[in-house]
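Start from the sequences, fold in the hints, and give me the full structure.
Number of protein chains: 2
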Amino acid sequence: MPNLSTASSTADAAPVDLETSAGESDHEALRLWLRLLTCTNLIEGDIRSRLRQDFAVTLPRFDLMSQLDRHPEGLKMGELSRRMMVTGGNVTGITDQLQQEGLVTREALPTDRRAYLIRLTPAGREAFSHMARAHEAWIEQLFSGLVESDRRALFRLLGRLKTSLTTP
Amino acid sequence: MPNLSTASSTADAAPVDLETSAGESDHEALRLWLRLLTCTNLIEGDIRSRLRQDFAVTLPRFDLMSQLDRHPEGLKMGELSRRMMVTGGNVTGITDQLQQEGLVTREALPTDRRAYLIRLTPAGREAFSHMARAHEAWIEQLFSGLVESDRRALFRLLGRLKTSLTTP
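Chains as they are written, first to last, in my numbering: chain A, 68 to 235; chain B, 68 to 235.
If you are wondering where the hints come from, they were derived from the structure by calculation, not from laboratory data.
Please note that a few of the clues may not be correct.
[Claimed, not checked] Here are some of the chain B residues that sit facing chain A, going by a computed Cβ distance under 7 Å:
{"#": "1", "residue": "LEU97"}
{"#": "2", "residue": "TRP100"}
{"#": "3", "residue": "VAL158"}
{"#": "4", "residue": "THR159"}
{"#": "5", "residue": "PHE195"}
{"#": "6", "residue": "MET198"}
{"#": "7", "residue": "GLU203"}
{"#": "8", "residue": "LEU213"}
{"#": "9", "residue": "LEU225"}
{"#": "10", "residue": "ARG227"}
{"#": "11", "residue": "LYS229"}
Using N, Cα and C, we set each Cβ at its ideal position, and we do this for glycine too.
Okay, here's the thing in structure tokens:
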């Protein structure tokens with residue numbers, strides 16, 4: 068079973084069980100939200116430190132490359148920003164850096180001179196696929212503490228939650 | 068039912084269903100993680116824009132005040148940083164600003180002259196309780212699309228996930 072306490076990279080960053088900060092008197096929906104957020108934070112924090120340790124990359128940079136990898140046709144800057152799954156990254160800054168490293172190209176669009184299409188280069192795709200394989204193995208490990216039937220039930224329930232959040 | 072599409076504050080920030088960026092060939096644990104992250108992002112994004120619209124405060128500022136509210140004895144800066152549930156906030160900057168507005172105090176510790184204890188002032192506590200009431204109502208609304216039994220089952224499963232993530 069993964070233990071995020073030992074996976075933490077800095078000694079004084081011992082994870083606090085954030086959900087317990089909800090007092091006994093807090094209501095059910097709030098406790099559910101804090102638990103959801105805590106689980107997400109635990110996993111995201113673990114992935115963040117592993118990416119830093121093993122690949123010396125930030126989570127926003129990984130996230131950005133991941134979105135480009137899923138869209139080989141390229142993405143405009145605005146689309147890229149909107150698709151980012153983690154906050155706190157500077158999309159323009161990361162893109163500039165990736166371009167300098169030869170991992171993305173930026174191509175002017177004939178239809179709109181102010182817009183650019185960002186794409187991974189073959190080198191960018193190769194660098195990403197390396198990280199993506201490791202990332203998937205970490206995720207599998209992180210969820211391995213749940214039995215298969217619990218993982219399926221969780222997937223179903225989160226699907227209902229997502230639908231209820233996005234359906235008018 | 069809450070509809071996060073219409074709750075979005077800017078027209079061109081139409082939410083993308085981030086989870087669908089996982090292709091069919093992605094594995095089960097990865098799809099579960101992306102669904103978990105998508106649900107968290109949808110709720111967090113909604114709360115972020117409501118706090119901005121209704122109270123003109125950022126989510127990190129709300130989060131920071133929330134941690135202080137749960138710790139009337141005060142928190143040292145390091146503890147405060149560690150307890151933050153959202154990333155991207157500048158804890159020192161937010162604390163400075165709250166102090167200027169008379170919402171927190173910063174008190175030197177007799178035991179450690181380099182450490183300060185941060186506490187909400189009565190005005191800070193009052194300002195926070197206003198926002199906290201609205202925040203809880205939003206959260207209740209956001210989860211209201213799930214039936215009671217689904218909310219309970221989700222709470223239980225996330226509890227198992229949390230335990231497996233934090234237990235050696």
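Evaluation of the provided hints:
1. LEU97: holds, 5 Å
2. TRP100: holds, 5 Å
3. VAL158: At 13 Å from the nearest chain A Cβ, B/VAL158 fails the 7 Å test, so the hint is violated.
4. THR159: With Cβ-Cβ at 16 Å, over 7 Å, it is violated.
5. PHE195: violated, 14 Å
6. MET198: violated, 13 Å
7. GLU203: It holds, given that the least Cβ distance between B/GLU203 and chain A is near 5 Å, below 7 Å.
8. LEU213: holds, 6 Å
9. LEU225: holds, 5 Å
10. ARG227: B/ARG227 check passes; min Cβ-Cβ to chain A is 6 Å, inside 7 Å.
11. LYS229: holds, 5 Å
Violated hints, listed in ascending order, are 3, 4, 5 and 6; each of the other numbered hints is respected by the structure.
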